[in-house]
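The whole structure should be built from the sequences, with the hints applied where relevant.
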Amino acid sequence: MKKILAGLFMTGAIAFASAQTISFDKTTFDYGNVKAGSDGHRFFTVKNTGDKPLIISEVKPSCGCTTPEWSKDPILPGKSAQIKVGYNTGIKGAFNKLIEVYSNDPANNRSVLYIKGNVEDLQGVNQEAKLSVAPVATATAVAAQPAAQAKRAAKKAAVQKVEAAK
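Using mature numbering (1 follows the signal peptide of the UniProt record, and there is no 0), the letters of the sequence shown correspond one by one to residues -19 to -1, 1 to 147.
If you are wondering where the hints come from, they were derived from the structure by calculation, not from laboratory data.
All of these numbers come straight from a predicted model, not from anything done at the bench.
Positions of the beta carbon are idealized from the N, C-alpha and C atoms, including for glycine.
One thing to keep in mind: the hints can contain errors.
What the hints assert, rightly or not - No farther apart than 20 Å at their CA atoms in a straight line, the calculated lysine to aspartate or glutamate pairs in the EDC-like style are these:
1) K97 / E50
2) K28 / E50
3) K28 / E81
4) K41 / E101
5) K137 / D6
6) K65 / E39
7) K97 / E81
8) K65 / E81
9) K60 / D6
10) K16 / E101
11) K28 / D54
12) K53 / D11
13) K7 / E81
14) K33 / D20
15) K73 / E39
16) K73 / E101
17) K28 / D6
18) K97 / D32
19) K7 / E50
20) K65 / D11
21) K16 / E81
22) K78 / D54
23) K73 / D6
24) K78 / D32
25) K41 / D6
26) K73 / D102
27) K53 / D32
28) K28 / E39
29) K60 / E50
30) K53 / E39
31) K33 / D54
32) K16 / D6
Said to hold, decoys possible - Quick list of the computed label-pair ranges, beta carbon to beta carbon:
33) P34 / D102: 43 to 51 Å
34) C44 / E101: 27 to 35 Å
35) D11 / P87: 27 to 35 Å
36) N99 / K53: 26 to 34 Å
37) D102 / P58: 20 to 28 Å
38) P87 / T48: 33 to 41 Å
39) Q63 / P87: 31 to 39 Å
40) K53 / N14: 16 to 24 Å
If you want it as structure tokens, here you go:
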């Protein structure tokens, strides 16, 4: 009985040792400061360091602002592939997102990648865009506001002057 268990253990150890193994060039990509509306696509390199084909079955982002793309083709032993990750740079402010990578690696079937950075709001760009799409009536009303405020202030001063004279 001991020989049978030892044989099964050795067979399992050999099968486990000769498997597909996933590795990444990096697990975090720091965008740094990027301009609003700029290209948000970055790449992670995946390598199969095992001796059997590696299959990435799913790449799942943590939210809809992140879009992954990857090849469904097996990654042969010693070969590499890329996972393309896109972040929506229309969303201003700091971000820190995770992407789950599922594969047939028996020791690590779920790997986690991270992207982080900050999308800068460019002064003037957003205001110009708002003004260019604003209706003419709105622009006229905005321009008329200082004149109306000045009239009200003059009227108030005149009323105060009359009351002070009484």
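Here is how each hint holds up against the structure:
| no. | hint | result |
| --- | --- | --- |
| 1 | K97 / E50 | 18 Å, holds |
| 2 | K28 / E50 | 16 Å, holds |
| 3 | K28 / E81 | 16 Å, holds |
| 4 | K41 / E101 | 26 Å, violated |
| 5 | K137 / D6 | 70 Å, violated |
| 6 | K65 / E39 | 13 Å, holds |
| 7 | K97 / E81 | 15 Å, holds |
| 8 | K65 / E81 | 13 Å, holds |
| 9 | K60 / D6 | 13 Å, holds |
| 10 | K16 / E101 | 5 Å, holds |
| 11 | K28 / D54 | 13 Å, holds |
| 12 | K53 / D11 | 26 Å, violated |
| 13 | K7 / E81 | 14 Å, holds |
| 14 | K33 / D20 | 35 Å, violated |
| 15 | K73 / E39 | 28 Å, violated |
| 16 | K73 / E101 | 6 Å, holds |
| 17 | K28 / D6 | 8 Å, holds |
| 18 | K97 / D32 | 33 Å, violated |
| 19 | K7 / E50 | 17 Å, holds |
| 20 | K65 / D11 | 14 Å, holds |
| 21 | K16 / E81 | 26 Å, violated |
| 22 | K78 / D54 | 26 Å, violated |
| 23 | K73 / D6 | 28 Å, violated |
| 24 | K78 / D32 | 32 Å, violated |
| 25 | K41 / D6 | 19 Å, holds |
| 26 | K73 / D102 | 6 Å, holds |
| 27 | K53 / D32 | 18 Å, holds |
| 28 | K28 / E39 | 16 Å, holds |
| 29 | K60 / E50 | 18 Å, holds |
| 30 | K53 / E39 | 9 Å, holds |
| 31 | K33 / D54 | 13 Å, holds |
| 32 | K16 / D6 | 26 Å, violated |
| 33 | P34 / D102: 43 to 51 Å | 45 Å, holds |
| 34 | C44 / E101: 27 to 35 Å | 20 Å, violated |
| 35 | D11 / P87: 27 to 35 Å | 31 Å, holds |
| 36 | N99 / K53: 26 to 34 Å | 33 Å, holds |
| 37 | D102 / P58: 20 to 28 Å | 47 Å, violated |
| 38 | P87 / T48: 33 to 41 Å | 28 Å, violated |
| 39 | Q63 / P87: 31 to 39 Å | 23 Å, violated |
| 40 | K53 / N14: 16 to 24 Å | 34 Å, violated |
Consistency with the previously given hints fails for numbers 4, 5, 12, 14, 15, 18, 21, 22, 23, 24, 32, 34, 37, 38, 39 and 40, ordered from lowest to highest.
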